Every structure is written in structure tokens, then in C-alpha cells.
Amino acid sequence: MPPVNTLSPRRISQHLSVSLICLWLGACATSSVFNPYTHQAGPMRASIANGDSAKEAESLSKDTQSADGLLYAQEAGRLFQIGHQPEPSKTTFEKVINDYKTIQDKAVISLTDIGAQGASLVTNENAIPYKGAPYERILVHQFQAFNYLRLGDITGASVETRVASDLQRRLELKYADAFAKAEKESRSKNISDDWKSTPELQGLNRLAGQVKSSFLNAYTYYASAVLWEAKGDFNDALVDYKKAYEINPENQQIRAAIQRLNKRRSLPADKANLVILFEQGLVAERLSFNLTLPSFSFNNVYSLAFPYYSERNWPKTQVLKARSGQQQLGSTQPLVNISALAAKSLQENYPALVVRQILRATAKYQLQREARKSGDGWGGLIANLYNIVSEQADLRSWLTLPHTAQALRVEVTPGKHTIALQAAMLSQTQELDLRPGRITILRVIDAQTHLVTEVYNL
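Residue numbers (this note's numbering): 154 to 611.
The set of hints was computed from the structure by calculation and includes no laboratory data.
Please read all numbers here as calculations on a predicted model, not as lab measurements.
The reader is advised that the hints may include incorrect statements.
[Stated by the list, open to error] Straight-line C-alpha distance at most 25 Å; calculated SDA-like pairs for lysine to any residue:
1) K284 to G195
2) K569 to H603
3) K424 to R408
[Stated by the list, open to error] Distance windows between CB atoms, simulated:
4) K208 to F442: 30 to 36 Å
5) Q519 to V312: 50 to 56 Å
6) S580 to S463: 26 to 32 Å
7) V312 to Q355: 41 to 47 Å
8) P402 to S484: 38 to 44 Å
9) N466 to D423: 44 to 50 Å
10) R418 to S441: 48 to 54 Å
11) A422 to A202: 39 to 45 Å
12) N443 to K416: 27 to 33 Å
13) Q519 to Q218: 32 to 38 Å
14) Q601 to K569: 28 to 34 Å
15) P196 to T566: 40 to 46 Å
16) H603 to S350: 42 to 48 Å
Every residue, glycine too, gets a C-beta built ideally from N, C-alpha and C.
Kindly generate the complete structure, drawing on both the sequences and the hints.
Right under this line is the structure:
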């Protein structure tokens with residue numbers, strides 16, 4: 154009878170150590186597993202201020218094929234657009250839209266799919282391929298509409314804004330059900346609610362409380378309504394203005410648009426309509442903090458890394474002032490706070506995230522116990538070091554988005570105008586030829602050191 158091959162405790166420890174090192178190196182290749190995404194996004198955000206956004210977008214091409222390819226493609230599409238490159242932006246956003254279609258039938262929030270996520274069980278949340286957030290998906294269609302407008306295709310733009318509007322209506326039903334289910338599953342695990350009382354999460358709740366939903370976006374509905382008006386579809390325009398008003402009833406621009414369409418379903422032939430859309434600032438970044446939670450399987454507690462948004466680091470909201478010659482046109486008014494949408498999205502996902510983190514910590518602890526049992530102590534030491542280093546919060550989100558989106562609409566005398574724009578310390582002028590009975594959109598993007606403008610004649 155051939156001898157049975159056995160491994161000594163020392164050999165088991167060595168094999169386990171090698172396995173952990175291989176897993177570590179493999180996870181490092183998965184972009185954000187050990188390198189926080191906020192660090193990676195630094196050059197992207199800086200490129201906007203430096204005027205190199207299109208060049209930075211080109212450098213992201215290899216990353217769009219990674220596990221976080223959806224996220225990098227969103228960043229690239231936005232950066233191309235800020236750099237006045239509508240064709241590559243359009244192509245990039247088409248990839249993003251197709252990626253979202255691939256994952257759209259999967260659960261919005263899942264507590265139980267972690268077992269199928271491979272390396273994430275013994276690394277961190279960043280090992281799970283990025284699937285985006287509903288508010289991000291809606292903004293992809295919004296920005297794609299702008300690409301079509303830049304290319305002179307108002308019909309294509311209208312299709313994208315309709316998709317964005319319809320998507321919000323569908324998600325309103327689907328997401329509420331999924332969130333309620335996640336809350337119920339979290340309670341079934343008998344997890345104490347003490348974690349909700351930490352200063353970081355109380356602050357997150359206050360920031361998230363600025364919006365009613367993580368994806369309902371008055372900016373999208375407002376822009377859609379403007380396009381319907383330009384095409385003469387005044388009934389559809391009124392519907393979308395009313396949806397925008399439901400989301401943001403304090404915005405006077407939306408209220409005025411509804412009152413105008415209730416009085417007349419046409420654009421005045423002797424006036425030109427100027428709509429200024431202002432994308433202000435940069436969206437808030439996630440930060441990391443440690444939260445102590447109990448184990449499901451062992452009489453242990455774990456210190457785990459979680460993401461949050463900080464009130465102290467919250468971006469400031471600034472409006473854009475406009476004038477034509479000596480005529481003050483007014484100031485933009487916020488339609489949506491995108492940073493608040495991001496905070497709300499994170500808040501809604503916390504019940505599922507807490508459960509996944511506890512499952513992950515339990516698996517890591519079990520791995521460490523087995524390593525200690527294996528013999529010479531090296532396996533346990535390496536496992537312990539690995540657990541410490543691999544404990545990274547998921548800081549991924551679309552970080553080249555604006556902090557807020559705002560609007561101003563005025564009727565002016567047709568003809569040539571020099572529009573002076575002022576946002577805090579930034580200023581710029583834009584030459585416009587405004588036509589009677591028509592709408593012109595002046596889109597202004599706050600690039601931190603300067604203003605980027607695009608003109609869409611509808």
C-alpha cells in the first residue's frame with residue numbers, strides 16, 4: 154500500500170502563508186482593494202482644474218476593462234465631456250449604459266450574495282465589482298443627452314432624458330421594496346442598533362436628510378422639460394416640470410415654469426429664452442472610520458472599516474450670477490444636491506453593508522484561527538497582518554460629478570448678447586446669438602479654477 158502523503162503543521166502553515174500572499178497580490182491588482190479609490194480619483198479631479206480632463210480620460214481606457222470598469226468609464230465619460238470631446242464621451246457613456254443593462258436584473262440591495270463574491274469574503278468590499286448607484290445611472294443618461302445636444306441631435310437628447318425620467322419612476326417602486334427587504338433581513342440577524350448612534354453615522358443621516366430619495370433628481374426632469382418645450386411638446390414639458398417640483402418645491406425657477414405653461418402653451422415670438430444650467434463644485438468624497446460590531450459565530454467583537462460622509466468636509470454651495478451688459482439676469486437656484494444623493498445612497502445601503510462586513514470579519518477570524526492551529530505561528534502572524542491591512546472601507550463613488558446642479562431662465566431681447574458670468578471668485582464672458590421664439594441653453598461647469606461653457610441652440 155503506497156504511503157499516505159501528510160503535511161506537517163509547519164508545511165500547513167507555509168502553504169497557508171503562501172496562499173494568503175497570493176490572494177493579497179491578486180487583490181492588489183483589483184484596483185481599489187488596497188488602494189482607496191479616493192486616492193486614485195485625485196488626479197481625475199485635479200485634471201478638471203488644470204484643463205487636462207480629456208487627456209486624463211484617455212489615460213483611464215485600460216481601467217475601464219477592470220472589475221471597476223463601470224466606475225472608471227463614468228469618470229472618463231464625464232472628463233471627456235468637460236474637455237469638449239463629445240464623441241469619445243458619447244462612446245464611453247454608451248459602454249456604461251450597456252454595462253448597467255447587464256446588471257439591471259440583479260437585486261438592488263443584497264445581503265446574501267457575498268458568498269458568491271470570491272475574494273471579497275477574505276479581503277474587503279472593494280473586491281466586489283463596482284455596480285454603480287441609481288443616482289449615477291440616471292446622471293449618465295443626463296450627460297449623454299448633453300453629448301447629443303453638442304452634436305446637434307435634439308431627438309437623441311430627448312430620448313436620453315426620457316430614459317432618465319422613466320428610470321426614476323421605475324426605481325421609485327423597485328428600490329423602496331428592496332430597501333425594506335434589506336432592513337428586514339438585517340433585523341433578522343439580531344444585530345444591535347447601537348452602531349447607528351456613532352457620531353459619523355449620525356452626521357451621515359443629517360446629510361442624507363437633505364433629500365427625500367437617493368435618485369430622484371429635479372435637474373434631470375427640468376432639463377427634460379426644457380427639451381420638450383423646445384420641440385413644442387408642451388404637455389410633456391409640463392409633466393416633467395411638475396415632477397421636478399414634487400422633488401424640489403422650493404425652487405422658484407420650476408414654479409415659474411409651471412405657471413408659465415399653465416397660462417400659455419407656446420414660446421413668445423418676440424422674445425428669446427435663455428436657460429443657464431450650472432454644475433457647481435465637486436461631489437463630496439467618502440471617508441473611512443472604524444466601527445465595533447459583534448461576531449455571528451464567535452464570542453468576539455470586530456473593529457471594522459466603514460465609509461461615511463463628513464459634515465466638516467461637506468462642499469459649499471455657491472450660485473452663479475449672470476448679466477447681459479448692464480442688465481442683471483439673476484442668479485441660478487439649486488435643482489439638486491448630488492452630494493446629498495450620494496450620502497442618501499450610502500445611508501440606504503448601510504443595513505446590508507453591516508451584515509456583509511460581519512460575515513467577512515467572521516470568515517477572516519476563522520482563517521486566522523486555522524493558521525494558528527497549523528504549527529509554527531508564522532501562519533497566524535501573517536493572517537493577522539493580512540486581516541489588518543485588508544480592512545479597507547469601500548470609498549468608491551463617481552467623483553468627477555458636481556456638488557450641485559442649478560438653473561436660471563430668463564426672457565431677453567433677441568440678438569447678440571455678451572453674458573457675464575460670476576461664481577464666487579470665478580468669472581467669464583460668453584458671446585451668444587439668441588433667436589426669437591427659441592430656447593438657448595448655456596451650460597456652465599465649475600472647474601474650480603475656471604468656468605467651462607457649452608452652448609446648445611434648440
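Worksheet entry | Contradicted hints - numbers only | 8 and 12
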